[in-house]
Amino acid sequence: MHPILTNARKLMWYLAAWLLTGVFIALLLVAADLAQWGSALWFALPATFLYSFIASSAYYVCRSLPMAKRHFAFATAVFGGSSLIAGFAWLAICQGWNQLAHLLSADYAAVQVTQHMAVVLFAAGCGFYLLSILAHDVLIAFDNVRLAERRAAESRVLARDAELQVLRTQINPHFLFNSLNSISALTTIDGPAARSMTIELAQFFRQTLALSEKQAIPLADEIALCNSFLAIEKIRFGKKLGSAIEIADDAQRALIPPMILQPLVENAIKHGIRDLVDGGTVSIRAFAREQWLHIAVSNPVDSQPSNAVGNGTGLKNLQQRFASIYDGQARASWALADGQFTVEMALPLAYTEI
Amino acid sequence: MSETIKTLIVDDEDLARRLVREYLGKHADIEIIGECDNGLQAVKDIAALNPDLVLLDIQMPKLTGLEVLELTGRSSGVIFTTAYDQYALKAFDLHAVDYLLKPFSQTRFDEALAQARKALGQTLPALENLLEQATEKLERILIRDRNQVHVIPVEKMDYAEAQDDYVSIQSEGKCYLKTQRLSDLETQLDPKKFVRVHRSYIINIEKLQSIERATKDSHVALMRDGKQIPISRAGYDRIKAIM
Chain A
117 MHPILTNARK LMWYLAAWLL TGVFIALLLV AADLAQWGSA LWFALPATFL
167 YSFIASSAYY VCRSLPMAKR HFAFATAVFG GSSLIAGFAW LAICQGWNQL
217 AHLLSADYAA VQVTQHMAVV LFAAGCGFYL LSILAHDVLI AFDNVRLAER
267 RAAESRVLAR DAELQVLRTQ INPHFLFNSL NSISALTTID GPAARSMTIE
317 LAQFFRQTLA LSEKQAIPLA DEIALCNSFL AIEKIRFGKK LGSAIEIADD
367 AQRALIPPMI LQPLVENAIK HGIRDLVDGG TVSIRAFARE QWLHIAVSNP
417 VDSQPSNAVG NGTGLKNLQQ RFASIYDGQA RASWALADGQ FTVEMALPLA
467 YTEI
Chain B
97 MSETIKTLIV DDEDLARRLV REYLGKHADI EIIGECDNGL QAVKDIAALN
147 PDLVLLDIQM PKLTGLEVLE LTGRSSGVIF TTAYDQYALK AFDLHAVDYL
197 LKPFSQTRFD EALAQARKAL GQTLPALENL LEQATEKLER ILIRDRNQVH
247 VIPVEKMDYA EAQDDYVSIQ SEGKCYLKTQ RLSDLETQLD PKKFVRVHRS
297 YIINIEKLQS IERATKDSHV ALMRDGKQIP ISRAGYDRIK AIM
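So the protein sequences, as listed, match chains A and B. Everything in the first sequence is counted per my numbering, starting at 117 for the first residue and increasing by one. Everything in the second sequence is counted per my numbering, starting at 97 for the first residue and increasing by one.
So that you can see chain B by itself, here it is in the shape it has in the complex (with noise of 0.2 Å):
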């Protein structure tokens, strides 16, 4: 056991940062390749360093620590920690999620590291299903763009396209695209807010201005931006049956 285990230390506090990097100092495989003060900086870091342990706070400014894996795709080689957060901590126990209560002791931080580093470079189910589960009601729809980090504010997409192995998202006159199948993206927003009116189409139905006819059997949605998106049969029974 010569490797040793590149850790990434995420907290927006100096002080807690500090606490963990002391805690680690007792283990001498570990090697603490940096240290992380908001989420954005902490995706930017998980995907250059590529750590095999990350040591992530929930709640900081940016993104929330579960968003920060959500982003990068990691569902292994975590240790949570926070310090109160009732919804996080329910969902996690739901799981069987691991995490560390601050402020956390020694010997309580040991047996943590323990257990991930029995399971490192394995993905945990268990963590799987929360991530996949704190996505089920999405709020933000959240985008990387090599270096950069969307936040989208759902209420605020207009419309989302299919496109091969991508979504694209239109939201205020701007376009992202996220790697993401459409019909994914259907299950996790609200059916009444937001309608799959086209095999490659889910619009907003706050940001939808008229239907018109456009043929004899067949309509379009008029968007406020002025988008004309087509509606299937099926997509039109949808609509008509939230209308």
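One chain only, chain A, in its complex shape (with noise of 0.2 Å):
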């Protein structure tokens, strides 16, 4: 497909030009003495644009000559060859649409085409070929240039992507390993118990892969997911451990990205709770305002910061997350006050899939 004469902006754009070049010949026809100014311009408007259609074939000279595949000769001859052929073509129209056009109007002084003025026509026919050649090449260019950037981002995004189903996917192996740890001890110590936190761990593994593959669940799902979560975190640390979950009625089927609640969860008790001596409330709150859903989870934190504090990438995921869902439509912050630390997010309100 050709790029200007399928697009109607730039074929006005291109025409415009030419009938400049058009402009231009009559007024050095006037300026040499050939021609008064009537006559030049109605000589060279209309075989100017005549001639802009078949300069517009330099785009196909071009696209048979990739950049990268072009030799040195080769190119000279395939370029000098078509420019000498479109060259002859000029003189050609020049020529007939000077006799046409005397022919149909008796007003026009038909301007004289002298064998030295031929050479002039011929030369600059030649010429305004390369010329359309440069500018074809140089718009291919663009074209190229603009393409490899759309298809660099598309990669960074599917990149991302993909990084992201792994990330979710991924099974935390302390969480596993210290999970299968306490079922081991719970054996002896309660059998019962033992099986139920067997149960818990494989439910918590389904709904992982269950989620994962979608790419967005009411927000009661995720809430179920970290329900699963916590019941085996709270076999694990006990009375340490509390939690409190709060979802308005208009949030609980609000659409959310997959895995987004459970990482916080997550990283609320391995950076927060774990390290206070007695313990503490994950809580997570959810509502629905106008058109945003709003979520917050906090978690009280250590005044004293230890070795686990995180360095903050799963929360740069998340906002990378969002911005790559939402293209800057979600916000997600966090804050430190008075020893409870607390993630914020805000997310366009959707009850169907986008």
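Because the hints were derived from the structure by calculation, they are not lab data. C-beta: ideal position from N, C-alpha, C; glycine also. Some hints could be false.
[Said to hold, decoys possible] Non-contacting residues of chain B with respect to chain A, defined by C-beta distances greater than 12 Å in every case (computed):
| id | residue |
| --- | --- |
| 1 | Lys102 |
| 2 | Asp108 |
| 3 | Pro157 |
| 4 | Leu285 |
| 5 | Asp313 |
[Claimed, not checked] Derived CB-CB ranges, DEER-like:
| id | chain 1 | residue 1 | chain 2 | residue 2 | range |
| --- | --- | --- | --- | --- | --- |
| 6 | A | Glu265 | B | Arg295 | 55 to 61 Å |
| 7 | A | Asp443 | B | Ala330 | 53 to 59 Å |
| 8 | B | Glu207 | A | Arg447 | 49 to 55 Å |
[Stated by the list, open to error] Covered stretches of chain A, going by a simulated chain B footprint (3 or more residues, C-beta under 8 Å):
| id | stretch |
| --- | --- |
| 9 | 301 to 312 |
| 10 | 348 to 357 |
| 11 | 373 to 381 |
Hints are included, so try docking the two chains, each in its own frame, into the full complex.
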């Protein structure tokens, strides 16, 4: 597909440029005292208009010789040859139109095409064509750059999606092995408790696998996942760990990307509550207001930060995920105030998949 | 062998401690003298109870298992337990220090216990090397002060001053004493951020306000908190080299 001929706006600019060239040719004719303004314009404008379509064929010449595969000699031959042909065509158009115009209108004082002038016209035609080749080359190069940029952006998004997919389905080995250790301890202490913990663990991983395949899930499903996770962690940490979950009715069915809250809860325990000798409570609150779904996860933290303090990778991942899914329409922020660490999120409210 | 082996169990999870207790129950010569659910408590109890054997979890709140050993200066009679910690385990394997991977069986536990029993009371070179390497890239300075443990992130240290057998460490307006040689501390700190400006001083470049000329050919470092620290001639060359 020709990029100029198939695009009305580009075509307009292209023709305007050629008509300007026509005016310029007329100006030269007048200046050389070869014609009057009226005749000069009548001669030059239709000829350049017609020639502009011939010159647009330069696009195909350029395309037939991609930049990377050009050998100097071959390219010179092709470009030179095609511009010579175009030069002859231009001369023929000029001559033909000159005579036709003369026949059609008596007012038209035909331009005297002398041999000398024919050579100049021919050279000009060749030159115009070479310029056209150059312009098309630039155009193609621009298009290639834009295409490459778009491909790079696309592959970045794909790579990030793939990375997130891995992150989402990744089983935290520390969590898994510690849970298995707890089950191992429970088998002799309390058989039924060992069994129920095994079932909780299985259920948690099953939910993780099911949810991470989806694009968006109701908040209630994510909360169920968090509850499974908390149930296991409560067996591990005992009385130290409490949870308080308040989800407003209008937020229950609101859609969110899967696996955004569970990692936050996991980190709230790992970097917050686990460090506190007396433990603490993870709280999750969510409500819908106007066109936004607000979710907050908070937990107490120790005043003396320990080595377990995270480096913020999880939170940065969350922001990146929001950026790639919502394109700047969702926010995630976090703050530490009065020994309480809180992550707040605001997402566009949606009940059906976009 | 009528002597019992006094054993301390350190793990932040109740069930994990109970499992170890159960496994230890098979061994008549073991006497469990206490349980700790965090690193700080472990430091206190190791110092107070002086157990023969410590079952020590590596990943714990407050202090890691290795930090507990560093603070108590203990390098014998330890069995490590851990669920998963890539970095720690690599170091353990490198120095051939044994550890129990959770969940572990009674058989595996008994093997580790038998090994530990043989070496009771002897310092283990492998463990000493491991601890030395663990403190090579110091991120937090640990200071034991009678019954308290202070944890100072290295970037919050303003400067350290040698005082006889101690190092006094200045951080956020407070001064802490640590039994350590200044030269040992120097090797543990990042030389790009901490400079030995004088035989008796290491300063944190981040906390340096300016360098002033004191006399014709001597300088002092003016710190952000107003303290003036003498700079020796060699120290001046060192600080010029990195600034």
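Okay, which hints does this one fail, numbers in order?
Violated hints (numbers, rising): 2, 3 and 11; every other hint is consistent with the structure.
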